[in-house]
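Turn these sequences into a full structure, and let the hints steer you where they fit.
Residue numbers 572 to 777, in our numbering, belong to the letters of the sequence shown in order.
Be aware that one or more of the hints could be misleading.
Pairwise CB distance ranges (calculated) [claimed, not checked]:
1) Ser716 with Glu769: 16 to 24 Å
2) Val606 with Gln759: 19 to 27 Å
3) Phe655 with Asp742: 24 to 32 Å
4) Thr614 with Ala767: 14 to 22 Å
5) Lys711 with Gly741: 22 to 30 Å
6) Lys602 with Asp725: 34 to 42 Å
7) Gly633 with Gly741: 57 to 65 Å
8) Thr625 with Gly582: 34 to 42 Å
9) Asp696 with Ala767: 20 to 28 Å
10) Asp706 with Arg596: 19 to 27 Å
11) Ala775 with Tyr653: 34 to 42 Å
12) Ser695 with Glu715: 16 to 24 Å
DSBU-like cross-link-like pairs, simulated, lysine-lysine; straight-line CA separation at most 30 Å [said to hold, decoys possible]:
13) Lys628 with Lys602
14) Lys592 with Lys628
15) Lys748 with Lys680
16) Lys680 with Lys711
17) Lys602 with Lys592
18) Lys748 with Lys768
19) Lys627 with Lys602
20) Lys711 with Lys592
21) Lys628 with Lys768
22) Lys680 with Lys627
23) Lys627 with Lys592
24) Lys768 with Lys602
Note that these hints are calculated values from the structure, not bench results.
The C-beta atom is built at its ideal place from N, Cα and C for all residues, glycine as well.
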Amino acid sequence: SRSNSSSPVSGRDSSVSCYDKDSGRLVGPNKLRTVVLESPDGTYRAYADTEALTHKKRDAQGDEYVDCENTSRLFAAGPQSYGFRPVMIVLPTPELAGNSIGLIDWSPKGHRLLIAEGLWGYGSDFGGIVIRIYDADSDKLSSESFVEEAFRRDAGKDCVGVFQPLGFSGDGGIIVKAGPYFDVGEEQPRADTCVAKEGVRLIAAA
572 SRSNSSSPVS GRDSSVSCYD KDSGRLVGPN KLRTVVLESP DGTYRAYADT EALTHKKRDA
632 QGDEYVDCEN TSRLFAAGPQ SYGFRPVMIV LPTPELAGNS IGLIDWSPKG HRLLIAEGLW
692 GYGSDFGGIV IRIYDADSDK LSSESFVEEA FRRDAGKDCV GVFQPLGFSG DGGIIVKAGP
752 YFDVGEEQPR ADTCVAKEGV RLIAAA
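Here you go:
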């Protein structure tokens, strides 16, 4: 089944943390695996998982505290392989210890998998989505900035925005929800935002 809704499809996102989402309490290590998503012709299959582990850290005053760090992996299996193998790994960083992988859609032709790489900082508002494409035929990942580069070409200048992948169009273009970029706490978009208002855009097939 194909979905072009802006909300994550149930079972297709590996987002998980060490915290209880209702109470916010630290509950310990956690792991989540997505469903397996098959390409339209059945040649390739993919799934993602995220492992959230607790780590002891020290703050600026030297006091010890426990926080969460995620590692997310994308696995793929194809006609030449008997099992799944990792094709992408997202590691935690000091600023963005949380991460996840969402499987959005396979392209209608070819074997390109549209992915939403979620990145966030625990205990902060910092984070966002990086749109990636895994090309199973060439076993290559797109750059982390290919969507921004497409908007930059369109605008004729460097620019920022907030982008969410929705799916593929019939001709293999990428459908994204685009909106203006706001710095945390600001009511006006950043000056270098190139998306005036939220809407759905089509990026030509790469």
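**Study point:** Violated hints - listed by number, lowest first
**Key:** 2, 4, 8, 10, 20, 21, 22 and 24
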